[in-house]
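Top to bottom, those sequences are chains A and B. Under numbering that gives the first Met the number 0, the first residue of the first sequence carries the number 0, and numbering increases by one thereafter. Under numbering that gives the first Met the number 0, the first residue of the second sequence carries the number 0, and numbering increases by one thereafter.
One or more of the hints may lead you astray.
Lysine-lysine pairs mimicking DSBU-like chemistry, simulated, CA-CA at most 35 Å apart [claimed, not checked]:
# : chain 1 : residue 1 : chain 2 : residue 2
1 : A       : Lys138    : B       : Lys20
2 : A       : Lys141    : B       : Lys20
3 : A       : Lys74     : A       : Lys138
4 : B       : Lys76     : B       : Lys14
5 : A       : Lys74     : A       : Lys141
6 : A       : Lys141    : B       : Lys14
7 : A       : Lys138    : B       : Lys14
8 : B       : Lys20     : B       : Lys76
Source of the hints: derived by calculation from the structure; they are not laboratory data.
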Amino acid sequence: MTPALSSTAPATRDEALFEYALRLGDDSLILGQRLGEWCGHAPALEVDLSLTNFALDLVGQAILFLDIAGTAEGKGRDADRLAFHRDVLAFRNCLLVEQPNGDFARTMARQFLFSNMQVALFDALTHSTEPRLAEIAAKAVKEVRYHAELSAGWVIRLGDGTDESHSRMVDGFDWCWRFVEEMFDMDETELTLMRDGIAVDRATLRAGFDARVEEVLRQATLPVPAYPRAVRGGRRGHHSEHLGHLLAPMQYLPRTYPDAVW
Amino acid sequence: MSRDWPLWEVFIRSKGGLSHKHVGSVHAPDSELALRHARDVYTRRQEGISLWVVRSSDIVASDPAQDGPMFEPAESKVYRHPTFYEIPDVVTHI
Numbered sequence: 000m001t002p003a004l005s006s007t008a009p010a011t012r013d014e015a016l017f018e019y020a021l022r023l024g025d026d027s028l029i030l031g032q033r034l035g036e037w038c039g040h041a042p043a044l045e046v047d048l049s050l051t052n053f054a055l056d057l058v059g060q061a062i063l064f065l066d067i068a069g070t071a072e073g074k075g076r077d078a079d080r081l082a083f084h085r086d087v088l089a090f091r092n093c094l095l096v097e098q099p100n101g102d103f104a105r106t107m108a109r110q111f112l113f114s115n116m117q118v119a120l121f122d123a124l125t126h127s128t129e130p131r132l133a134e135i136a137a138k139a140v141k142e143v144r145y146h147a148e149l150s151a152g153w154v155i156r157l158g159d160g161t162d163e164s165h166s167r168m169v170d171g172f173d174w175c176w177r178f179v180e181e182m183f184d185m186d187e188t189e190l191t192l193m194r195d196g197i198a199v200d201r202a203t204l205r206a207g208f209d210a211r212v213e214e215v216l217r218q219a220t221l222p223v224p225a226y227p228r229a230v231r232g233g234r235r236g237h238h239s240e241h242l243g244h245l246l247a248p249m250q251y252l253p254r255t256y257p258d259a260v261w
Numbered sequence: 000m001s002r003d004w005p006l007w008e009v010f011i012r013s014k015g016g017l018s019h020k021h022v023g024s025v026h027a028p029d030s031e032l033a034l035r036h037a038r039d040v041y042t043r044r045q046e047g048i049s050l051w052v053v054r055s056s057d058i059v060a061s062d063p064a065q066d067g068p069m070f071e072p073a074e075s076k077v078y079r080h081p082t083f084y085e086i087p088d089v090v091t092h093i
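Here chain A stands alone, though its shape is the one from the complex:
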């Protein structure tokens, strides 16, 4: 039922599109679920709403991408089926989004890095020859631009804040740096789709991403890192131990009561 762990190229374009849409959808879904954990726990009511607004934007994107995945797969699975009835090894999100929230500084470091990748990716994806992807990207790029701006605002304020907030911001980024490279990896699946003009060449996004990250870190008086050895594997289902713990509460209800409806 679920694709096996494999780095081999998909046989057909639909298989490749299934895989690509899963990656896009799972990135948004998993980060959306993570941010939802802040609900009721954020440092202030206003921040609570900022974070849950982000979560709702991301879950909305996930529904659209996963529906495309389900259609491409052609086995009758819709977004709900894919979100709630897949096991951890079948998830295709990058490792960064499944990382635990940590403190507010680490959550903002993760958000800043991920949202800036998403802005660049969705900007380019609006030119996709697959019209459904282009339409979703056009809608979502406005959402993620706001996420990128707000998280940059917090990175700057915390980095250039007190000794305490500065050191927490440094720690937050230190946790995240090793997961950055994976967001820009290309493999046979995406290269195949890229040649058809469907997928974005992630490698071309990197220079703009690096420039923006560096600009904000300097403003925040934070050290610009030498990237550590990259950790990767999410796109092939090799996840950290954290993802299973995220999926358990997320999937519990629809798996226990498969017929449950609102």
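Dock chain B against chain A, hints included.
Leaving out everything else, chain B in the frame of chain A:
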């Protein structure tokens, strides 16, 4: 944390041509975040197309204890309402 942040009053223009209307307040450390907080708290359901925030402490308010001298003199001046004019039949939409 929010106790350390100043309070900001939030005004929303619901659509073009209407004026900004006070809707509530947010806590925020500075004006830029106040605007973002206002967006996140008060425009989740398409409430508006434009936002203003202003430091609550910058608002100059009338003194409730002075309500009498401030507002009561207007009570006896009904002639200030334009209700004593006869409107010609040809004038509509009034």
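- Assess, step by step, whether the Cα of Lys74/A is no farther than 35 Å from the Cα of Lys141/A, and give holds or violated. holds (32 Å)
- Take the C-alpha atoms of Lys141/A and Lys14/B, compute the straight-line distance between them, and say whether it is at most 35 Å. holds (20 Å)
- For the pair supplied as a hint, Lys138/A and Lys14/B, confirm whether the alpha-carbon distance does not exceed 35 Å. holds (22 Å)
- Query: Are the Cα positions of Lys76/B and Lys14/B separated by 35 Å at most?
  - Reply: holds (34 Å)
- Message: So if I understand the rule, the pair passes when the alpha-carbon distance is 35 Å or less; does Lys141/A with Lys20/B pass?
- Response: holds (26 Å)
- Task: For the pair supplied as a hint, Lys20/B and Lys76/B, confirm whether the alpha-carbon distance does not exceed 35 Å.
- Result: holds (28 Å)
- Lys138/A and Lys20/B: Cα distance at most 35 Å? Given that 35 Å is the threshold and the Cα spacing comes to 29 Å, the pair holds.
- Given the hinted pair Lys74/A and Lys138/A, is their alpha-carbon gap at most 35 Å? holds (27 Å)
Violated hints: none; the structure is consistent with every hint.
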